[in-house]
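Given chain A's structure and the hints, the job is docking chain B onto it.
Number of protein chains: 2
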Amino acid sequence: MSALEFEILAKDAEGHARRGRITLPHGVVDTPVFMPVGTQATVKSLTPADLTDDIQASIILGNTYHLMLRPGADIVEKMGGLHKFMAWNHPILTDSGGFQVWSLGDLRKIEPDGVRFQSHIDGSKWFLGPKESMEIQRKLGSDIVMAFDECTPYPATYEEARSSMEMSMRWAADCREHLPVNDTQALFGIVQGGMYGDLRRESLHAITEMDFEGIAIGGLSVGEPKEEMLASLDALADHLPVNKPHYVMGVGTPDDLIEGIDRGIDMFDCVMPSRNARNGTLFTDDGKINIKNLKHQTDSTPIMEDCTCYTCRNFSRAYLRHLYMAKEILSSRLNTLHNLHYYCDLMQRARDAIEGDNWREFRDQFLQRYRNKQS
Amino acid sequence: MSALEFEILAKDAEGHARRGRITLPHGVVDTPVFMPVGTQATVKSLTPADLTDDIQASIILGNTYHLMLRPGADIVEKMGGLHKFMAWNHPILTDSGGFQVWSLGDLRKIEPDGVRFQSHIDGSKWFLGPKESMEIQRKLGSDIVMAFDECTPYPATYEEARSSMEMSMRWAADCREHLPVNDTQALFGIVQGGMYGDLRRESLHAITEMDFEGIAIGGLSVGEPKEEMLASLDALADHLPVNKPHYVMGVGTPDDLIEGIDRGIDMFDCVMPSRNARNGTLFTDDGKINIKNLKHQTDSTPIMEDCTCYTCRNFSRAYLRHLYMAKEILSSRLNTLHNLHYYCDLMQRARDAIEGDNWREFRDQFLQRYRNKQS
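Residue numbers (my numbering), protein chains in the order written: chain A, 92 to 466; chain B, 92 to 466.
These are computed hints drawn from the structure, not numbers from a lab. Some clues are possibly wrong.
You can't tell identical chains apart in this list, so a pair holds if it fits in one copy or across any two.
The list that follows gives simulated cross-link-like pairs (lysine to aspartate or glutamate, EDC-like), each with its CA atoms no further than 16 Å apart [said to hold, decoys possible]:
1) 135 / 419
2) 175 / 165
3) 230 / 165
4) 418 / 213
5) 102 / 443
6) 102 / 121
7) 169 / 390
8) 175 / 390
Bound-form chain A, shown alone:
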C-alpha cells in the first residue's frame, strides 16, 4: 500500500487549478500548499507551535544535504527520526540533496552513480547518489522522499540539457528501485529538461512511466527570466497526470505561486519568505516592503492591515524597524512569522477561491494588486 493518498476536491472549470488533499503517514495536507523550509531540522527562528498555531503550516521541508552533514543521518535515526528529533508531528518532505551538492560548484564532481563532494562545513569528503540519498531519507523518516537528480544549469545547450535530463531519469529509476512503494514513505520523481519544452515533456513521460507517488518539477528558479519559468510550466500543464500531486521545487514569489496554481501545481517550497524576512523584506498584498526604510520609523500601522498573524496583531512597523536596526533576534522571528503566515494564508485563499468557483477572479485581482504596488 502506498504511503500517499491524493484526492481532488474541486477544480477550476476552464483551467488547470485544483484544490486537493494529500493524506500522509503524519497527517493531511490541503492543496495548493506552501511548505516552509526547515533546512537544519528547524524552520529558522520558529518552533513547531508557531508553525501549527499561527502559520497553519501542514507540511514542512527538510534538507538531506544539511542533515547528513550535521547532525548526521545516523544520529537523527537514533533519536527516533526527524519528526521526533525536531518535535514536528506532521508531514515532512525531504529533498534528495541533489540540488545542494550540485550548487557546491568546485567542491563537487559528478560521476555516473552520483556526486563526490566536500562538506562546506569542514571539507570532509562524501559521496551522494540515488542509493545513498534513499538510505539517508529512510533514516530521516520523512513522509515524502524526493528522487536524487541533477539540476540542469541555466543557461544550457539543448545537448547539455538532454544529457543531464537523461542522467536524472536513470537516477530516478535507481531511486524507485531502492525505495519501492511502501506504506511509510512516498517517493516523488523529478522532471528536468532545462528550458526546452520537448525535453520537459520527454522527462515527464519517463517519470510518469515509473509510477512515482507524486510528480515534481525541478530545475526552475535557477536564474532564468520569469517568462521562461512560466513557459516551462505551460509546456507541462496539459500533460501532468491529474491523479497525482504536482510539486514545483524552489518557487517562488507570491505571484509565482498564483501563476503555478493556475498551471496545475499543488505544492510549493521556497526559502524566499523566510530568508527575506531575516533581511527585513516583508510580503503584503500590495507587494514587498523594506522595513529598514526610514519612513517606517514612527509608523504605528502593522505590516499589513488585515493580516491575522501574531506579528501584525501586536506590533507596529516602527517597532519592527527598531528591532531590525538594533539587530535583535526577535526581528528575524517576527518577520519570519509574518512572511510564512502570509504565504500559507495565500494558499488558503487560493483553496477557498477554487472551492468557491472563483479562481480566475481571485487570480486576476491578486496579480493586479500585487504587481502594481511594489513599494
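Below, chain B without anything else, positioned relative to chain A:
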C-alpha cells in the same frame, strides 16, 4: 498618591525572607521576583506571549541608555510609551542609564551634574545626569524609575567609595526633586558604598530619609568575590525599611538569588540567564550544563526532567546541542525560554516555601543540590 503599593503576605519567622506583593499601574508583581532584562525593548529572542504564558514573568526591565540611543526616547514616547511600543502590557522597570554610561570607560567623563559620553553605536555625544535620566524615563513611561547614580568601582579605597557614594546621594536627591511622588511612576533610590559596611549603612540611611517608593542596592556583582557581595547584603539586612520593596541590582546566579532572598531581598534582575542561554549554558537544580558538550549528542532527555517549560516539554538535549552547533536562531530562543522559565519558577518555589513556612528547609536543600552537582 503613589504609583506603588507594597504589602507583605508572609515572612520567615526567624530571618529576613519575605513573600510580598507590589501593585503598579500596569499590574501586580508577586515577590520575591526575578525580572527578565529587555535591554532594547525586547527580551532577546522572546515575545511578550512567551514571557507571560510560558515564563510567567510579571515585570521586565528596560535599559535607559540603550533606548535613549536607539530608537530614542522621543520616538518611544511618540509611539505611546515603552509598554505599547513593545506590546508588553505589564509592569516595566527602567534603569537610569548610570551603570551603562559608567561602563563605557574611556568613552565617558563624570562631571558634577552627570556624565558626558559618546554612543557606543556611532560615537555621537550625549550628556546624562539625574535630570536627563528622569526626563527620559518619564518618556519611556516605565512603572518603576531608577535613580541616576554612579556605580562605585571594585576595588575602591574607602575614600573613593565614600566620595562616589556621596555623589550618588546628591544625585538621588536631584532625581526625587525632578520626579516627585505621583500616581503613574514610582522611583527607587539606590544604595551605594562599595564593599564598606558603614558606608553602605550611611547610604541606606540617606536613601531611606528621601522617602523613595523602593530601596535598591547597587554596585554589586561588579567583580567582587561572592563572599563580599553577601557581606554587603548582610551589612544592610537588619536596616532595610520593612515596608518597602528591596531590589538588588544585576544579581545573579540561582544560588545568589536564594541567598539574597534570605537577606530580605524582594527583586532581582540579571542578564545571566538570557546571555548564558545564547552561549549554550543552561541552568538546572543540579547546576549548569554546557549544551555544546559531546556527551549530549544523542541524549534524549530534556534539560531538566521535571521542568515544565516549552523547551523541556518538547526537545531533547541532543536536539538543543544540534541547534547550538548549527548556529540556529532557534537555539538562542529555546535556551532563553528555559533559563528564564527556570529563574522565574525558582522565585515561585521560593514564594511557596515562605508562604508554607518552609523557607529554611527549601533554601538549604536547594543550595546543597545546586552547589554540589555543577556538571
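Structure-based check of all given hints:
Taking identical chains as interchangeable, the C-alpha atoms of residue 135 and residue 419 lie at most 16 Å apart whether they share a chain (15 Å) or sit on different chains (7 Å). Within a single copy, residue 175 and residue 165 get their C-alpha atoms as close as 14 Å, which meets the 16 Å cut-off; across copies the closest is 48 Å, which misses it. In this homomeric assembly, residue 230 and residue 165 come within 16 Å of each other (Cα to Cα) only inside a single copy, at 7 Å, whereas the closest approach across copies is 56 Å. In this assembly of identical chains, the alpha carbons of residue 418 and residue 213 lie at most 16 Å apart only when taken from different copies (15 Å versus 28 Å within one copy).
Taking CA atoms no more than 16 Å apart as the test, residue 102 paired with residue 443 passes inside one copy only; the shortest distance there is 11 Å, against 61 Å between copies. In this assembly of identical chains, the alpha carbons of residue 102 and residue 121 lie at most 16 Å apart only when taken from the same copy (14 Å versus 58 Å across copies). Taking the shortest alpha-carbon separations for residue 169 and residue 390, only the inter-copy value of 10 Å comes in at or below 16 Å, while the best intra-copy value is 49 Å. In this assembly of identical chains, the alpha carbons of residue 175 and residue 390 lie at most 16 Å apart only when taken from different copies (13 Å versus 42 Å within one copy).
The structure shown violates none of the earlier numbered hints.
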